[in-house]
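Participant: Sequence:
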Amino acid sequence: MAMDLSKHPCFNKDAKGSCARIHLPVAPKCNIQCNYCNRKYDCVNESRPGVTSSVLTPAQAILYMEKVLEAEPRITVVGIAGPGDPMANAKQTLETMRRIKAKWPDMILCLSSNGLELAEHVDELAEIGVSHVTVTVNAIDLDIAEKIYSWARVGKVLYRGREAARILLERQEESIRRLKEKDLIVKINTIIIPGVNDQHIEAIAAKMKSMGVNLLNCMALIPNKDTKFEHIIEPTKDDVEAIRAMAEGYLPQMRHCQRCRADAVGLLEKDCSRQFSGLLSACASDKSAGLDASRPNVAVASMEGMLVNMHLGEAASFQIWGEDGAGGYKMVETRPAPAAGTGPKRWYELAKSLSDCRAALVSGVGDTPQAILEEEGVKVVAMSGFITQGLDAIYKTGDIEHLRAKGGGGCKMGSGCTGGGEGCG
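For the sequence shown, the positions run 9 to 433 when this note's numbering is used.
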């Protein structure tokens with residue numbers, strides 16, 4: 009059955025009173041510095057893009073989504089809009105969207121990006137089922153753009169000044185072109201910056217129309233403290249309306265934008281992010297949220313089958329444990345680990361081997377393998393003690409943090425590491 013795209017309140021004004029949205033703040037890093045943006049300040053009473061009370065992991069985002077839906081069942085749209093740029097946090101963003109689509113297949117998925125690192129992910133976004141994408145385009149002229157952006161980072165390369173503006177504009181154009189090739193609905197956000205780009209917006213509107221963009225949202229600058237543009241005076245409502253009226257000759261205008269936070273919840277004109285801030289914080293603190301209960305087993309690194317006493321990297325094999333149906337546990341089998349010496353490939357192979365395991369109990373683990381395994385759905389818990397203690401925490405109490413506190417750390421303990429030299433990183 010085709011998705012009813014009329015239920016997106018940002019793209020369809022008639023839906024704003026009946027269809028709610030939720031923004032999941034899973035993307036903390038940003039890859040550009042706009043001269044009007046300052047994400048340091050957050051207050052639950054403040055509503056502007058780039059702020060959130062907490063940041064979630066993909067697993068925590070699903071937990072939060074489940075609980076929010078109990079209180080606000082009118083949500084039809086799940087968006088990721090920061091607090092940084094979603095594509096500067098591509099792994100977290102894509103994993104979150106895949107999980108959302110798997111659990112709630114009828115949800116509309118949308119994304120808001122500056123476009124710098126968007127193009128290379130368009131195919132995957134389309135495959136996941138993202139239908140609406142917003143790209144912030146404040147200039148199409150290099151002379152104007154270099155006044156708006158201080159720097160841009162692509163991978164490990166940092167560009168400044170005019171070069172930053174150049175690479176951003178090139179990549180924005182490529183991103184929009186590829187989005188439209190995939191037939192995604194595209195909205196452009198343009199910040200009206202008096203004395204900088206306010207006389208340039210007609211050119212932006214004309215260019216975006218030529219590229220097949222669906223909607224244009226011209227928004228007034230919000231002067232932010234400690235930014236290069238903090239002293240620029242915010243344009244008046246009349247000024248904004250005049251610009252929108254002009255731009256409407258090229259593209260439909262969004263006049264009901266609420267400048268949503270990165271953790272916005274509820275109807276556009278009745279945001280509930282303040283009411284849900286406590287729940288958001290609680291979910292962000294829930295360390296057991298990474299457990300995938302659909303996976304029946306737990307992998308254990310053990311020398312003798314009684315204690316968790318081997319590092320992830322030194323284990324030649326893993327014991328696979330599961331519940332026995334009578335309140336206890338049973339060892340299902342012993343499973344060999346991939347050979348050392350292949351770098352990250354080793355950990356992706358291990359994650360595939362442990363695809364039926366919701367967690368791996370080890371005495372120590374490095375940052376790289378932990379990140380890869382957890383990205384692939386295997387929660388890694390560093391501990392010391394009896395295997396049954398770890399299994400109780402995984403299957404019964406969910407108190408993984410208490411389990412960690414009893415010991416473990418291994419590779420994270422510096423000189424206290426007792427690994428076999430194979431290397432967990």
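Quick caveat, the hints were computed from the structure, so don't treat them as lab data.
It is possible that part of the hints are untrue.
[What the hints assert, rightly or not] Have a look at the derived ranges for each label pair, beta carbon to beta carbon:
1. 376 <-> 240: 42 to 48 Å
2. 233 <-> 166: 34 to 40 Å
3. 114 <-> 166: 37 to 43 Å
4. 302 <-> 334: 19 to 25 Å
5. 346 <-> 239: 37 to 43 Å
6. 159 <-> 249: 43 to 49 Å
7. 338 <-> 230: 20 to 26 Å
[Stated by the list, open to error] Under the rule of at most 20 Å between Cα atoms (straight-line distance), these lysine to aspartate or glutamate pairs were calculated in the DMTMM-like manner:
8. 155 <-> 189
9. 190 <-> 206
10. 278 <-> 132
11. 155 <-> 178
12. 190 <-> 210
13. 111 <-> 154
14. 215 <-> 132
15. 215 <-> 238
16. 37 <-> 364
17. 190 <-> 151
18. 109 <-> 151
19. 236 <-> 300
20. 190 <-> 246
21. 111 <-> 312
22. 217 <-> 238
23. 37 <-> 312
24. 155 <-> 80
25. 338 <-> 312
26. 99 <-> 312
27. 278 <-> 151
28. 215 <-> 234
29. 245 <-> 189
30. 360 <-> 332
31. 109 <-> 312
32. 99 <-> 375
33. 217 <-> 189
34. 155 <-> 132
35. 37 <-> 210
36. 164 <-> 178
37. 236 <-> 206
38. 109 <-> 78
39. 188 <-> 151
40. 338 <-> 364
Ideal Cβ positions, reconstructed from N, Cα and C, are used throughout, including at glycine.
Participant: All hints, please: hold or fail.
Facilitator: Each hint, compared with the structure:
1. 376 <-> 240: 42 to 48 Å: holds (44 Å)
2. 233 <-> 166: 34 to 40 Å: violated (25 Å)
3. 114 <-> 166: 37 to 43 Å: holds (41 Å)
4. 302 <-> 334: 19 to 25 Å: This hint holds: roughly 22 Å between Cβ atoms.
5. 346 <-> 239: 37 to 43 Å: Given about 58 Å between the Cβ atoms, the range is violated.
6. 159 <-> 249: 43 to 49 Å: violated (33 Å)
7. 338 <-> 230: 20 to 26 Å: For residue 338 and residue 230 the Cβ distance comes to about 59 Å; the hint is violated.
8. 155 <-> 189: violated (31 Å)
9. 190 <-> 206: Answer violated: residue 190 to residue 206 is near 31 Å, above 20 Å.
10. 278 <-> 132: The hint is violated at about 33 Å.
11. 155 <-> 178: holds (16 Å)
12. 190 <-> 210: Answer violated: residue 190 to residue 210 is near 26 Å, above 20 Å.
13. 111 <-> 154: violated (43 Å)
14. 215 <-> 132: Roughly 26 Å separates the two Cα atoms, so the pair is violated.
15. 215 <-> 238: violated (29 Å)
16. 37 <-> 364: violated (31 Å)
17. 190 <-> 151: violated (31 Å)
18. 109 <-> 151: Status violated; Cα separation ~41 Å.
19. 236 <-> 300: violated (45 Å)
20. 190 <-> 246: Distance ~37 Å between residue 190 and residue 246 Cα, so the pair is violated.
21. 111 <-> 312: With Cα atoms ~39 Å apart, residue 111 and residue 312 exceed 20 Å; violated.
22. 217 <-> 238: violated (31 Å)
23. 37 <-> 312: Status violated; Cα separation ~43 Å.
24. 155 <-> 80: Distance of about 42 Å is beyond 20 Å: violated.
25. 338 <-> 312: Since the Cα atoms of residue 338 and residue 312 sit roughly 15 Å apart, the hinted pair holds (cutoff 20 Å).
26. 99 <-> 312: Outside the cut-off at roughly 37 Å; violated.
27. 278 <-> 151: Roughly 39 Å separates the two Cα atoms, so the pair is violated.
28. 215 <-> 234: Given that 20 Å is the threshold and the Cα spacing comes to 32 Å, the pair is violated.
29. 245 <-> 189: Outside the cut-off at roughly 35 Å; violated.
30. 360 <-> 332: violated (24 Å)
31. 109 <-> 312: Distance of about 42 Å is beyond 20 Å: violated.
32. 99 <-> 375: Answer holds: residue 99 to residue 375 is near 16 Å, not above 20 Å.
33. 217 <-> 189: holds (15 Å)
34. 155 <-> 132: Between residue 155 and residue 132 the Cα gap is close to 33 Å, so the pair fails against 20 Å, i.e. violated.
35. 37 <-> 210: At roughly 31 Å apart (the allowed maximum being 20 Å), residue 210 and residue 37 break the hint.
36. 164 <-> 178: Given that 20 Å is the threshold and the Cα spacing comes to 18 Å, the pair holds.
37. 236 <-> 206: holds (17 Å)
38. 109 <-> 78: Given pair residue 109, residue 78 holds - Cα atoms ~18 Å apart, limit 20 Å.
39. 188 <-> 151: It is violated: about 27 Å lies between the C-alpha atoms, which goes past 20 Å.
40. 338 <-> 364: holds (15 Å)
Checked against the numbered hints listed earlier, the structure breaks hints 2, 5, 6, 7, 8, 9, 10, 12, 13, 14, 15, 16, 17, 18, 19, 20, 21, 22, 23, 24, 26, 27, 28, 29, 30, 31, 34, 35, 39; every other hint is satisfied.
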